[in-house]
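J.: The lines below spell out each chain.
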Amino acid sequence: MRKFDLEHVYESQQFDSELLDIIFTVADEMKNDLLLKKRRYSQVLKDKIMASLFYEPSTRTRFSFESAMARLGGSILTTENAKEFSSASKGETLYDSTRVMCGYADLIVMRHNKPGSAKMAAEASSVPVINAGDGSGQHPTQALLDLYTIKDSFSTINGLSIAMVGDLKYGRTVRSLSYLLTKYSNITIYFVSPSVCRMDDDIKNYLTENDIKWKDEDSLEKVLPLVDCIYMTRIQRERFPNPEDYESAAGKYIIDVEQAGMMKEKSIIMHPLPRVDEISREVDKDPRARYFQQAGNGLYIRMALLYLLLTNNPDI
Amino acid sequence: MRKFDLEHVYESQQFDSELLDIIFTVADEMKNDLLLKKRRYSQVLKDKIMASLFYEPSTRTRFSFESAMARLGGSILTTENAKEFSSASKGETLYDSTRVMCGYADLIVMRHNKPGSAKMAAEASSVPVINAGDGSGQHPTQALLDLYTIKDSFSTINGLSIAMVGDLKYGRTVRSLSYLLTKYSNITIYFVSPSVCRMDDDIKNYLTENDIKWKDEDSLEKVLPLVDCIYMTRIQRERFPNPEDYESAAGKYIIDVEQAGMMKEKSIIMHPLPRVDEISREVDKDPRARYFQQAGNGLYIRMALLYLLLTNNPDI
Amino acid sequence: MRKFDLEHVYESQQFDSELLDIIFTVADEMKNDLLLKKRRYSQVLKDKIMASLFYEPSTRTRFSFESAMARLGGSILTTENAKEFSSASKGETLYDSTRVMCGYADLIVMRHNKPGSAKMAAEASSVPVINAGDGSGQHPTQALLDLYTIKDSFSTINGLSIAMVGDLKYGRTVRSLSYLLTKYSNITIYFVSPSVCRMDDDIKNYLTENDIKWKDEDSLEKVLPLVDCIYMTRIQRERFPNPEDYESAAGKYIIDVEQAGMMKEKSIIMHPLPRVDEISREVDKDPRARYFQQAGNGLYIRMALLYLLLTNNPDI
Numbered sequence: 002m003r004k005f006d007l008e009h010v011y012e013s014q015q016f017d018s019e020l021l022d023i024i025f026t027v028a029d030e031m032k033n034d035l036l037l038k039k040r041r042y043s044q045v046l047k048d049k050i051m052a053s054l055f056y057e058p059s060t061r062t063r064f065s066f067e068s069a070m071a072r073l074g075g076s077i078l079t080t081e082n083a084k085e086f087s088s089a090s091k092g093e094t095l096y097d098s099t100r101v102m103c104g105y106a107d108l109i110v111m112r113h114n115k116p117g118s119a120k121m122a123a124e125a126s127s128v129p130v131i132n133a134g135d136g137s138g139q140h141p142t143q144a145l146l147d148l149y150t151i152k153d154s155f156s157t158i159n160g161l162s163i164a165m166v167g168d169l170k171y172g173r174t175v176r177s178l179s180y181l182l183t184k185y186s187n188i189t190i191y192f193v194s195p196s197v198c199r200m201d202d203d204i205k206n207y208l209t210e211n212d213i214k215w216k217d218e219d220s221l222e223k224v225l226p227l228v229d230c231i232y233m234t235r236i237q238r239e240r241f242p243n244p245e246d247y248e249s250a251a252g253k254y255i256i257d258v259e260q261a262g263m264m265k266e267k268s269i270i271m272h273p274l275p276r277v278d279e280i281s282r283e284v285d286k287d288p289r290a291r292y293f294q295q296a297g298n299g300l301y302i303r304m305a306l307l308y309l310l311l312t313n314n315p316d317i
Numbered sequence: 002m003r004k005f006d007l008e009h010v011y012e013s014q015q016f017d018s019e020l021l022d023i024i025f026t027v028a029d030e031m032k033n034d035l036l037l038k039k040r041r042y043s044q045v046l047k048d049k050i051m052a053s054l055f056y057e058p059s060t061r062t063r064f065s066f067e068s069a070m071a072r073l074g075g076s077i078l079t080t081e082n083a084k085e086f087s088s089a090s091k092g093e094t095l096y097d098s099t100r101v102m103c104g105y106a107d108l109i110v111m112r113h114n115k116p117g118s119a120k121m122a123a124e125a126s127s128v129p130v131i132n133a134g135d136g137s138g139q140h141p142t143q144a145l146l147d148l149y150t151i152k153d154s155f156s157t158i159n160g161l162s163i164a165m166v167g168d169l170k171y172g173r174t175v176r177s178l179s180y181l182l183t184k185y186s187n188i189t190i191y192f193v194s195p196s197v198c199r200m201d202d203d204i205k206n207y208l209t210e211n212d213i214k215w216k217d218e219d220s221l222e223k224v225l226p227l228v229d230c231i232y233m234t235r236i237q238r239e240r241f242p243n244p245e246d247y248e249s250a251a252g253k254y255i256i257d258v259e260q261a262g263m264m265k266e267k268s269i270i271m272h273p274l275p276r277v278d279e280i281s282r283e284v285d286k287d288p289r290a291r292y293f294q295q296a297g298n299g300l301y302i303r304m305a306l307l308y309l310l311l312t313n314n315p316d317i
Numbered sequence: 002m003r004k005f006d007l008e009h010v011y012e013s014q015q016f017d018s019e020l021l022d023i024i025f026t027v028a029d030e031m032k033n034d035l036l037l038k039k040r041r042y043s044q045v046l047k048d049k050i051m052a053s054l055f056y057e058p059s060t061r062t063r064f065s066f067e068s069a070m071a072r073l074g075g076s077i078l079t080t081e082n083a084k085e086f087s088s089a090s091k092g093e094t095l096y097d098s099t100r101v102m103c104g105y106a107d108l109i110v111m112r113h114n115k116p117g118s119a120k121m122a123a124e125a126s127s128v129p130v131i132n133a134g135d136g137s138g139q140h141p142t143q144a145l146l147d148l149y150t151i152k153d154s155f156s157t158i159n160g161l162s163i164a165m166v167g168d169l170k171y172g173r174t175v176r177s178l179s180y181l182l183t184k185y186s187n188i189t190i191y192f193v194s195p196s197v198c199r200m201d202d203d204i205k206n207y208l209t210e211n212d213i214k215w216k217d218e219d220s221l222e223k224v225l226p227l228v229d230c231i232y233m234t235r236i237q238r239e240r241f242p243n244p245e246d247y248e249s250a251a252g253k254y255i256i257d258v259e260q261a262g263m264m265k266e267k268s269i270i271m272h273p274l275p276r277v278d279e280i281s282r283e284v285d286k287d288p289r290a291r292y293f294q295q296a297g298n299g300l301y302i303r304m305a306l307l308y309l310l311l312t313n314n315p316d317i
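Protein chains in written order, with the numbering used here: chain H, 2 to 317; chain G, 2 to 317; chain W, 2 to 317.
This list has only true hints and no planted wrong ones.
One copy or any two copies: either way a pair holds, since identical chains are not told apart in the list.
Straight-line Cα separation of at most 30 Å, DSSO-like style, residue types lysine-lysine; simulated pairs:
1. K214 - K152
2. K286 - K120
3. K184 - K223
4. K120 - K38
5. K170 - K267
Because the hints were derived from the structure by calculation, they are not lab data.
The shape of chain H in the complex, shown without the other chains (with noise of 0.2 Å):
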């Protein structure tokens, strides 16, 4: 098999069809080994260190990558909201944090309100960086965990129809997703929206160069009978300029009991948290709603982005 060869984790773009295979054959044996309690590899990453530099908050994303790294044994420093309480607000550049910041650390996980920033930060560390979020930009772990959850569902990703619901244009999940299913074939999304946030063009033209057929819908009733999964997302209101054009958006998509009865019996429904009304609490109980596992999932992922980060001859 090909060796994971990634320094760092900025991306979706960054990943082929055979790094994902690595990725979600180590995230299956660390899945495994918890499920099990086998603790194979409870102490792997025992003298090492991942420093969360959150310059924007989001305890669920941080404690996800925090789990990873204490269940591999590994330590921990953290920041809850850098931005506010570092030397970013004294004028300090990001390369010099970066600079500073990987002489403490072996691997820096970071958040940050802008775009670009993970990958800038990935120029100046000596150690691995992984972008949890990069304000509009993206956020590719969390894509792998979204990608990861369908393949457990289906086994496959190759054939599967997806509809991606709700704010497709500030919304970055849905951007990075759309880029990693370009690696494999016979996909169709349909991309289900308020006119004031369509699915960029930038995006639409990536999957049309892919042979990644999409389309634009205003009606989800129209597309749940169609999809093998429906991703919902949430209607943002900080991340909409205009106040009106949040009002227009939100609410427009819900998924609840009846509409959850018009999907096919083998359906799934994702969202990747938090949720407001987007889905109701009722159809938490259907079996096709997997978005708490899907958030679970996040732990599999980022235990195997760790590993292979962190380990030069990752043996499986």
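Mind docking chains G and W on chain H? Use the hints.
T.: Just chains G and W now, with coordinates in the frame of chain H:
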């Protein structure tokens, strides 16, 4: 001995005298182990992760739990002020947050500003939840360490008379401690408070139903010579809806050297801390002053709870 | 060799040349151990807990200490901004906070905005306290790593001439470093600063009493060819009571390629970081630029201090 059969710790009413005995026995063992540097338990939770989910900051309580986890060899995920920094601010329910977080940790310690939060989280969680204070609700581990401190001083709780002094209406520690005292016999409680912050009737009725004698008092001087234990509390400005009520209550009860002189030789002075000026600094030297030792006992009680909740067959 | 006999580290005046030798020897050992991956010390503080009590945020300094603790196998309790989030805001004294916290940790690292805080905490504490900066007071571990960096470059400190440049009135690093330099002989210091932020007389008198030559200078260009070490500092807006004074001081001294060209071949350029524009990015490539290495040395110095303070008979 009966097994420790609690899954979560959210309120004082969960404990009966047998469970209290188990907890105090394990706390004694932990205390001995640490003081004699035996290190029998220093790696016992090595593969476990505790998440501190503090939606409201409290460095003292958080460090006490995290120190307990570290002393048992476990890992810690921490958040200093999750309310401000998390999905809660994006409209996520506590139910969803808890379902996600319990995928990343083996136990959740939760501090929240809303009464009932910990119980609600316990219902959503697949891992044990410990209430580290839920607003004006309860703070059961504080009550346990308070009781443990009394027991440590007098060997028994039965037959003691205790004065609770200060803000008895908004102070949750005195409420939680009152519940626990009903597990013992022949107890007398004096509620010493300004009229604007008397102990509420729900507690008084509960005490009466459980054969605990209680009495409202205005005068601290009057009860000082009568009691075995003075439990002082801070009048907290932030708990008073009406500022005038706060002004009339603040500074009314103070223990200084003169007051301490009126107390029995074998009595003790407690305070959940932080204090402002309810107890003067000179009293710290009095051997009856137990508030710093009381804070230290928090470590042993929390070690005991973590150990009991995270191991199936505690062998002490 | 003399034993390391300090209980706490709160100010530079505590060190004599013998203690400095011990610390630098241990720091060298730690550096070697890490770089050669020998791991002789990777579990040496396994049963110890360090609490980072930062009443004022500083991610860089905090991570440097926490990385040191993690590299020695110890556990960490951390707080990013305790001032805002803690009992301090409820009126608790530093004395009480420290008495409680020292029950939860084996060593306290404290950052505080008030000068003298660390010494006050040391008096209340039953465990070692390290000052990680107390406002306009001191930052002794920064001074130690500064001196260690100079020693690392020149093998000796004796006989060197050093220019301290920028805000010498409000910058605590230059004050702490000046104290340490009196332990060596034949030193010359040039204080290069705008007239509004000259080095204070207390330091100048202390230097004179201890046979250190010093001189105020306005012109950076004049001293560049004369010195072995340029120690640049940032002019910090927040330290100036009067905004006009800040405006007249900011941007006055800058090291760019042209300035670096005036320096001796064997000289070095230091900066405690973060920098804003005192040193241009192009200078980073100059082999005489030592500021990132200087930051990295913080790790070894802090490992040495943690090791020396927490083990009774250090055997190196």
